[in-house]
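Could you put the whole structure together from the sequences, leaning on the hints where they help?
As you go down the protein sequences, you meet chains G and E in turn. Going by the working numbering, the first sequence opens with residue 1, and the numbers climb by one from there. Going by the working numbering, the second sequence opens with residue 1, and the numbers climb by one from there.
Be aware that one or more of the hints could be misleading.
Covered, in the sense of this in silico footprint (three residues per stretch, anywhere, with C-beta under 8 Å from a C-beta of chain E), are these stretches of chain G [to be verified]:
| id | region |
| --- | --- |
| 1 | 32 to 39 |
| 2 | 56 to 65 |
| 3 | 106 to 117 |
| 4 | 172 to 186 |
| 5 | 240 to 252 |
| 6 | 360 to 367 |
| 7 | 392 to 400 |
In silico BS3-like links for lysine-lysine, alpha-carbon gap of 27 Å or less [what the hints assert, rightly or not]:
| id | chain 1 | residue 1 | chain 2 | residue 2 |
| --- | --- | --- | --- | --- |
| 8 | G | K36 | E | K10 |
| 9 | E | K132 | G | K251 |
| 10 | E | K316 | G | K36 |
Hints listed in this document are in silico derivations from the structure and should not be mistaken for laboratory results. Yeah, the Cβ is synthetic: ideal placement off N, Cα and C, and Gly gets one too.
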Amino acid sequence: MINEILEKAKLISDEAEVLGVEGEQFPVQFENNKLKTALSRSVKGYALRIIKDGKIGFSSTTKPDAANELVEFALETAEFGQQASFEFPGMPDKLPSVKVMDPNVAAISVERLVEIGQEILDAIRCAEPDAQVAIGLGKSQGMQRLINTRGLDVSYQASDYSVGASIEIIRGTDMLQIWEDVESRSLVDSSKLAASVIEKARIGREIVPIDAGTMPVIFTPKGFAGTLALPITLAFNGKEVLQGATPVSDKVGQRMFDERLSIYDDGTIDFSIGSQPYDDEGLLVGRMPLIEKGVVSNFIYDLDSAAKAGKQSTANGKRGLGSLPGPGYNSIVIEPGDTSLEDMIKGIKYGLLIDQTMGSWTGNIRSGQISGNVHYGIKIENGELVGRVKDVMIACNVFEALNNIQTMENQSHWQGNLHAPHILFSALNVAS
Amino acid sequence: MRDLIADALKGHGADYVEVRIEESEHTGVAYRGRELDSLSRTSGLGGSVRAAVNGGWGFASFNSLEGLKSNVDLAVRQARLVGRDKTQLAAVEPVVDKVCPEIVKDPRSVSLSQKKRLVEEYTDVVYSLGDKIQTSVVNYRDTSSRLYYANTDGAFIDTQSIYVTGAIQAVARNNGDIQPNASSFSSTRDFGIFENRHDDVRRMAQAAVDMLSAQHVESGTYTVIVDPQLAGIFAHEAFGHLSEADDYAENPHLRELMTLGRKFGGKHLNIIDGADIPGSGGSIKYDQEGVPKTPTYLIREGELVGRLHSRESAVKMGETPTGNARAINYNHPPIVRMTNTYITPADATLEDMLSDVEDGLYVVDSMGGETSGEMFTFSAREAFKIRNGKIAERVRGVNLTGNVFVTLENIDAIGNDITWPKRGGGCGKGGQAPLPVGFAGPHFRIRNCVVGGK
Chain G
1 MINEILEKAK LISDEAEVLG VEGEQFPVQF ENNKLKTALS RSVKGYALRI IKDGKIGFSS
61 TTKPDAANEL VEFALETAEF GQQASFEFPG MPDKLPSVKV MDPNVAAISV ERLVEIGQEI
121 LDAIRCAEPD AQVAIGLGKS QGMQRLINTR GLDVSYQASD YSVGASIEII RGTDMLQIWE
181 DVESRSLVDS SKLAASVIEK ARIGREIVPI DAGTMPVIFT PKGFAGTLAL PITLAFNGKE
241 VLQGATPVSD KVGQRMFDER LSIYDDGTID FSIGSQPYDD EGLLVGRMPL IEKGVVSNFI
301 YDLDSAAKAG KQSTANGKRG LGSLPGPGYN SIVIEPGDTS LEDMIKGIKY GLLIDQTMGS
361 WTGNIRSGQI SGNVHYGIKI ENGELVGRVK DVMIACNVFE ALNNIQTMEN QSHWQGNLHA
421 PHILFSALNV AS
Chain E
1 MRDLIADALK GHGADYVEVR IEESEHTGVA YRGRELDSLS RTSGLGGSVR AAVNGGWGFA
61 SFNSLEGLKS NVDLAVRQAR LVGRDKTQLA AVEPVVDKVC PEIVKDPRSV SLSQKKRLVE
121 EYTDVVYSLG DKIQTSVVNY RDTSSRLYYA NTDGAFIDTQ SIYVTGAIQA VARNNGDIQP
181 NASSFSSTRD FGIFENRHDD VRRMAQAAVD MLSAQHVESG TYTVIVDPQL AGIFAHEAFG
241 HLSEADDYAE NPHLRELMTL GRKFGGKHLN IIDGADIPGS GGSIKYDQEG VPKTPTYLIR
301 EGELVGRLHS RESAVKMGET PTGNARAINY NHPPIVRMTN TYITPADATL EDMLSDVEDG
361 LYVVDSMGGE TSGEMFTFSA REAFKIRNGK IAERVRGVNL TGNVFVTLEN IDAIGNDITW
421 PKRGGGCGKG GQAPLPVGFA GPHFRIRNCV VGGK
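Have a look at this one:
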């Protein structure tokens, strides 16, 4: 089918590219302390991008046998399409080495997923009998093939495995909610998940008052991913940079952040969910600094945004089936610092540790401002974690905060495609 | 199609099975800055089977209709793996119906060049505000779809629908200070919602520029008056999600917390889900379990009186299904969601509410919100100080947060006006977003509202 689409597209266009994706997912869901649903999703579809008379046309479909319609739609959009400022790439000159397919993920049975879920559920319920527990597990495998009229023909298979647990403990009108998850392209160990949730429930059991004001705040890797990462990923996206609508767009080569801060985009880490051998335009994926020792270094580009910026694609072209490629991240890796988490906490007289926030994405994130409700935050007093805070908001400018880092943990932890240490900011604004 | 599905359901061996088949077509046009960013036409065909065995659910989705029967078998096998109990579903009269949208202006009758021209015009409007405009993003998208729904109770519903939606964002900049503003739109029956928005776009973009010279609000506790646009989002985030009963039946603590009759606010407070507003995102005739959507009082005169149900949550609570089991598309099982949620008007005028506020905030529309059930938060799109009973200067960076058990009680005045802004975007829950919903309300006033800011 994919070759047939390219052959048909060739007849009506100057250049063409076809993406074919095929995959299967098997999620299992526990809700309210019980196994509830087992799902199976089978996905198959094609996307066609053409260049005709210098203009781009695009269509996609999940209909089987719709090659003619696909070509017709692409042709229709090319008439009004944007100017093509790039050429499709040919075959890469090297073979990728990153590992993204674990046969153990394909081999694990749904029955085994149910068992793993049940073990986590039992462990949490044993420690927290009042908790309402929800657990989601999933495995998927897929194949992606990309061909174009310049001789590109690349394909790969990838797997994905995830386990997540969330709990709710209601006392009076207080709802304590905690979630943890792990995700990888390999069959990652989830045995610590239950212990982590139980420990957080224990520390969060007691609600303690906190005085509003400016104080030292630790963001966990999960807190960073959910709260601080979005303004950064938006700011370093080449497409946004082109519009001059990010605070870093004219700052390449300048030091804007603490000089201990280095952040990389990295697609070469074996089995990270952020890894893939080729980007979704057929280029070999690599590793590149976004921030190096506090200095703004690079932005991420796909073919189109790179051409408009007068640069080369950084092999960050990402797409869903139904949309044109745009710049997207692989794994985001923050280099660790030199302090243990224990020492970091011990050194704080009065402060806050933030693991979950709500609504921080609704503010002016382009400028780096975040303002969110602290959903799971632990007060630190005289070097000890003393209890959970409530009805508290955290507000800061992420770019200013990253220039006011006190210490960074000496190791990093995975949270989705983010690999980050705990980070202690010297002074952030806490409102209550 | 009906025969195809009926054949596939023969000898299924489950307590209950339902099948969805969905065909759709989409057109999208997006400008980023002065340039066309994407123009696309896409189509979809897919389906899913959901089956219940011994209280467990199995679900299988697919893109090929060949082998529908084998997908029924797969979903039943999955359900059997899960089920350890008893399947309970509220009895409903199986509906056989054909639903067509009452289209005012069909997006399919409008040429691609015309859609592109409007996107260009709105881009021009944003840029017409001068050199403080750094960039704009204008998105337009339309969808037409046909959904066939059938279940083993005998329901067969053939629903055709259209959806026109998009958003226009202006980004103003003054050196390092970047200030966006945005407005969005949606309609389930009229391409016209995308036409003649020039004035609205100009106001929105002007506000982005004006905000550059506005102070950031000081964080703290304020008396806040919300406008009708934000009022609807408040109804949705601050209370609506908590009334979704999918969690209740097996969650004794939540059930106790949400006992009918619990007092949440004053006598003036009424919150309803299920308004039949022509063109609004949540205006559905049936939900995705084939249940007719009925208007549901959630709060009446300050008291909790109802909640939103699927067939399963209803029977487990001994209540009546409300037609709130919704799915964003065939690829997801239905879960309990809102439709059109609103606060009913009372008797105060905006002037009354303003008159005795010495120092407060007037907040207009929202850029988004989030809730955990108990706690909620959302940002104001625009905000002004209230000084000595008058709306005064602009401020920015206003993010409201609260606790549903406290904040609804703190509403001390509700206005006599209501509007249904046909905004875009939608609601997200359980990995399903954006689901078209509607929200509305009158102006109202909250005392002691926590505001995050500088």
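Given coverage of the region 32 to 39 of chain G by chain E, tested with a Cβ cutoff of 8 Å and a minimum of 3 residues = Held - the region 32 to 39 of chain G has 8 residues with a Cβ nearer than 8 Å to chain E, which meets the minimum of three.
According to a criterion of three or more residues whose C-beta lies within less than 8 Å of a C-beta of chain E, is the region 392 to 400 of chain G covered?
-> holds (count 3)
Do at least three Cβ atoms from the region 56 to 65 of chain G come closer than 8 Å to Cβ atoms of chain E?
-> holds (count 9)
Pair hint K132 (chain E) and K251 (chain G), alpha-carbon separation not exceeding 27 Å = Cα-Cα ~20 Å, so holds.
Whether chain E covers the region 360 to 367 of chain G (at least 3 residues having a Cβ closer than 8 Å to its Cβ atoms) = holds (count 6)
For the pair supplied as a hint, K36 (chain G) and K10 (chain E), confirm whether the alpha-carbon distance does not exceed 27 Å.
-> Status holds; Cα separation ~25 Å.
Is the hinted pair K316 (chain E) and K36 (chain G) satisfied, with a Cα-Cα distance of at most 27 Å?
-> holds, 15 Å
Between the region 240 to 252 of chain G and chain E, see if three or more residues pass the 8 Å beta-carbon test, and mark the coverage as holds or violated.
-> holds (count 6)
Annotated coverage of the region 106 to 117 of chain G by chain E, confirmed only when three residues or more have a Cβ within 8 Å = Since 3 is at least three, the answer is holds.
How does the coverage statement for the region 172 to 186 of chain G fare against chain E, requiring three or more residues with Cβ below 8 Å from a Cβ of that chain?
-> holds (count 4)
In summary, this structure violates none of the numbered hints.
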